[in-house]
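4 protein chains.
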Amino acid sequence: MRRPAVVKAAVMPAPNVPLEVREFPVPELEEGAILLRTLASEVCGTDVHLHHGRLAGVPYPLIPGHISVGEILAVRGAPVDVNGGALRPGQVVTFLDVHETCGRCWFCTVAKASTRCPRRRVYGITYAAAEGLLGGWSEAIYLKPGVKVLPLPESVPPERFIGAGCGLPTAVHAIERAEIRLGDAVVVQGSGPVGLTAAILAQLSGATQVIVVGAPALRLQEAERIGADAVINIEEMPPEARVARVRDLTGGRGADVTIEASGNPAALTEGFAMTRDAGRYVVVGQYTDAGDIRVNPHLEINRKHLEVRGCWGTDFGHLWRGVRVLEKHGERFQWERFITRRYGLGETNEALEDVGQRRVVKALIAPGQSGMNSS
Amino acid sequence: MRRPAVVKAAVMPAPNVPLEVREFPVPELEEGAILLRTLASEVCGTDVHLHHGRLAGVPYPLIPGHISVGEILAVRGAPVDVNGGALRPGQVVTFLDVHETCGRCWFCTVAKASTRCPRRRVYGITYAAAEGLLGGWSEAIYLKPGVKVLPLPESVPPERFIGAGCGLPTAVHAIERAEIRLGDAVVVQGSGPVGLTAAILAQLSGATQVIVVGAPALRLQEAERIGADAVINIEEMPPEARVARVRDLTGGRGADVTIEASGNPAALTEGFAMTRDAGRYVVVGQYTDAGDIRVNPHLEINRKHLEVRGCWGTDFGHLWRGVRVLEKHGERFQWERFITRRYGLGETNEALEDVGQRRVVKALIAPGQSGMNSS
Amino acid sequence: MRRPAVVKAAVMPAPNVPLEVREFPVPELEEGAILLRTLASEVCGTDVHLHHGRLAGVPYPLIPGHISVGEILAVRGAPVDVNGGALRPGQVVTFLDVHETCGRCWFCTVAKASTRCPRRRVYGITYAAAEGLLGGWSEAIYLKPGVKVLPLPESVPPERFIGAGCGLPTAVHAIERAEIRLGDAVVVQGSGPVGLTAAILAQLSGATQVIVVGAPALRLQEAERIGADAVINIEEMPPEARVARVRDLTGGRGADVTIEASGNPAALTEGFAMTRDAGRYVVVGQYTDAGDIRVNPHLEINRKHLEVRGCWGTDFGHLWRGVRVLEKHGERFQWERFITRRYGLGETNEALEDVGQRRVVKALIAPGQSGMNSS
Amino acid sequence: MRRPAVVKAAVMPAPNVPLEVREFPVPELEEGAILLRTLASEVCGTDVHLHHGRLAGVPYPLIPGHISVGEILAVRGAPVDVNGGALRPGQVVTFLDVHETCGRCWFCTVAKASTRCPRRRVYGITYAAAEGLLGGWSEAIYLKPGVKVLPLPESVPPERFIGAGCGLPTAVHAIERAEIRLGDAVVVQGSGPVGLTAAILAQLSGATQVIVVGAPALRLQEAERIGADAVINIEEMPPEARVARVRDLTGGRGADVTIEASGNPAALTEGFAMTRDAGRYVVVGQYTDAGDIRVNPHLEINRKHLEVRGCWGTDFGHLWRGVRVLEKHGERFQWERFITRRYGLGETNEALEDVGQRRVVKALIAPGQSGMNSS
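Protein chains in written order, with my numbering: chain E, 13 to 387; chain D, 13 to 387; chain C, 13 to 387; chain G, 13 to 387.
Calculated from the structure, these hints are not laboratory results. Predicted model, so just to flag it, every value in this text is computed and none were measured. We put the CB at the ideal spot given by N, CA and C, even for glycine. A hint or two may mislead.
Simulated restraints on C-beta separations [said to hold, decoys possible]:
id, chain 1, residue 1, chain 2, residue 2, range
1, C, ARG353, E, GLU252, 51 to 57 Å
2, D, CYS114, G, GLU112, 54 to 60 Å
3, E, GLU191, C, GLY96, 24 to 30 Å
4, C, GLY263, E, PRO27, 40 to 46 Å
To give a feel for the contact side, a few chain G residues facing chain C, derived at Cβ under 10 Å [stated by the list, open to error]:
id, residue
5, ALA285
6, GLN298
7, ARG306
8, LEU318
9, GLY322
10, GLY325
The whole structure should be built from the sequences, with the hints applied where relevant.
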């Protein structure tokens, strides 16, 4: 395979203006760096927020795309994977979008909360296009030295991995915080990629009843396909009826664990009511500021003996564990079926629109369709 | 000691009307029951709420007083303590106010959350005066069969135990939920009996910095006496300044763990801001419905990776552990000094008024002063 | 249905002498008691030990059979299930064999370790035949007041429940101690009923690789049937080779979690070597004293940063959770296929022999075949 | 302060031959490196084992001394502390002896067990003298780029820190594994520096009864000084009597938690018997291979429902938390009093002999006494 002369990438110039495809020179590799030919990237809800300017401190213009799969085109030096194995051209890999967590600050070393490390950077979100090919909506991705690379098992096709997408490590993290036990009833609020994968992982973590509350019908069909015991369509029922339905399905007590993956602040009020006394509530859907809700500390927290756990970001362990799940349960859950449509680099505006309108479950970006392979 | 002919007790006839001292016959004991001569009982914040009619489902008229110390006057059958030791007349004991948790329902057996058992009853709160001498503001207390009795070690005088009062098992429970680690910085919001004992127990659980946020000065002096590293008087500083002060004291990060023991819903907003990212927040002060607050799920829970834990009620283990702490650390912390004033049975209205106005830290009810001893 | 005139039961008169079928009068019910017509009981490894006299303090003669399913023949008073539902004649139920845990002693209240309650009694093991029909190898079982009864869902046939048997709550408890995480590799040592159900529950708790080490071939076929990723036959490979095989299957590191369910002390040495550094090892198979092993605290515990967790007995929560699993995953795992053979009351000696020689995976005792139904 | 021309250091040439003082050139600093003037280092039990050749893979000759305090003589580049503060000449600091944990391997990222990282190196143990001034028994210490440096608070004199020594982070780690709760009874086996600091930290973590089992009298006096509720001298009582004494002191049940810090394999047998059913046992003293013991899996682990946790190595969080404890509780516990004697660089053989013979509690190495300060 010859290295291309130029690399095309979709660039988001600023909030609320259309993305455009630009050309970049093929970068020189510094010691320990890797160049990937992008096989597939994804659009996630955060990309929509990014385009609407709802995230603070984003260095526009940038190349979006945080979770991607690529084939190694070139390496410099001797980068290794987590098991110490050499990384070589031709391998199909993914990588942790989160980079530069320092491993030395108080959050990394004492609190052991690397997702709150102040030096944390994220591919496709916090790097400017001027800093390099640091997003997945591009024919090629530059992996800086130290980026944590994970070879994809042969049994996990790139499409399956992208069907899960960034929702996979996010849901793994949420499930860890959820501490589900054998026989638990679990409610998942939200039927986007995070919610759907959380509904899968809840089943794989011992829940014997999983109820997905979301919309639209397209997504709830997927919820049923992947094994949800019940789905509740929020477009068909007001909140009180949804709560009543969950209580009815759970012997009157409510769910042992509820996982919020909706992005709607009002979901908390509804979700608290869906959760049993002395239960657990995980908040993983509130990745942008969508406003406040009213909470009654006596009724909803103290007397209820409720535990509420926020869940921010992911680390390499979540990605690694997620890929183990894909490897084992890929045929059973077929995450690639979450991909409603594939988009080339020139179609990213349409992709963002479709995700924002929930017309698709998952949108795959296929930069290779624009021709880099043949150059 | 002869058994008295009648027993005097303070009865709360209904919400918002004065208590009055009434006479009751000395009860016959059923098999396994115990009669205590009350040495001391207490007034806690819940009693004030009880008097204001803020608790649901209370069977007025009732005899208040949930945590008490007494001397065994009589037993019927062979009741035993937790170690299987016989309980005998003359012993000084306390007992768990919570009774009739069933040990058989789903909450008791599967969820292991006995504080949410639907059959749970509480001395001094959920028993009517017509059901018997089932509150501590009485010369005698009737311990029903199965009430969990704990002999007080000789090194723990009744006054010291009542100085800690129901705040002791409550704070033990809150501290269990708090999971403090060696070297942690802990904020306690509220300087009443629960808050003060939580501030003690935080020190005993590994915190190397404890900051008490409360009022009035009388209570904060107690906080300083029992070893708080810093106190913040909410009467002297607006909320933003209080938050800034905590951040300043904690290297800019906020506390690792915050324990809310204030009863004020607004404390949550302030307390979230006082807590570091990926920290823990325990809600133990919201025992009555004092209204809602606004919460921003993105900023205050999800992005903050915060854990919020409600804490309702206590079980026998909390009481047992609390008494171990009194036995070991009684001389160091001298909980009896929380008792600002002692009140006879005829002075309970004044006691409630003083507690409600926070004119005292702790009010002790001394039923024996009304003469039963001499009968 | 008419109540029978006499009840036949298999009685173990003493260690190492044959069981015999005896007749008992139909008992009168005390308040709160229940009489079951036994539909099925089981033989477990403990019954073999019981017959060999290897358990201390057993009151021979006794009626064995601790986990059973029956139909309610009669109740006295108003016994209820865990959800407060009335128990009525005609219902098919199981019950927790463990009884009389006191809920009042130090282990029950403070340590919250009811399996170490000194008053604990167990149906089929610690009750003498003279005390009543307190074992399952009998046409009828007398449920004393307070025995925790669990109605079997209609979707769980008695044979499926008995196929899982006492291995189900035991494995649930072991899995709780194991704290498996998504993506973990788990080794199960032992392919008897506890080991096989542990291998199922490990899959349901997030493990993506489950390796069963056991014998004979009959049991390992069952292990493969229920989804083990690999099996290792101890009759075909020496211990060092088994360890090497596990390491080979786990990328050289060993299993994240190993569950010992073999009953052989030497399994610990082998199992420690099969477990990765900083892994977890659960000991659930050592229910009788089969001797000592040598342990090197430096190499096997300290330097390895290993966690070893003993697991004794079960409580109602384990049984309840186990039945939820049967209800949800019964068709997938078909526990009834563990039942290699069914035995009437007159065939219990043969059943014990077959279980002891591992000629069967699970032996079902069917007392009803001896005719009580028709009486 | 001028930089010295040569640096004197005590070198251990090989196992079982005397150490000798050698001269080294003052090193050039690479980018990010720091040069310390050593104020104090320590002798720990591991150094004795090192001298006896009991550790595998040690690159003799080497400069011992893993935990040390020094004054920054020089920095190159802009190294920072955990809070991002610049490190400057004149500051008094300590540092984590453990270095080069990679933050990228499976143990670091997925298992989150950095103490099992295969690339882990340790100052004073795994670095050869030929690699530089990488041990504390030297007038100067070379801190490689990335060594985790912790400024010592002014309220913590170097002698106090060294009195605690490497036993401090080790005991912090052991206490984390111990999960002590308020009111627990804790046994500590071993009265060397790890045991004594564990006895302190147990008190600070909620234990209301701490029993130290060890020898000789000198060390047990220290145990009493720092607040042990009881001490048991193993030179005065056989193991059975020691176990009986612990049971007697703990109401017949044994300790809730036992921490083994003795280094003697036989301590496990004794310690298991000292621990209550369903208790916890932490193994932190077995840092070298001192042989096997016999364990009965039925009696000592399974039936006992015991949890045994090995504890290997430390990370920066343990050191940081330990220093917080010194800062808060230094005056109360006065760790410097563990230092029985101070030794110059020419006296290290004597120091090793004294530690090996337990003639001292803690031995401080004071390299500065050999004259570097004045050069």
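Those earlier numbered hints the structure runs against, lowest number first: 5
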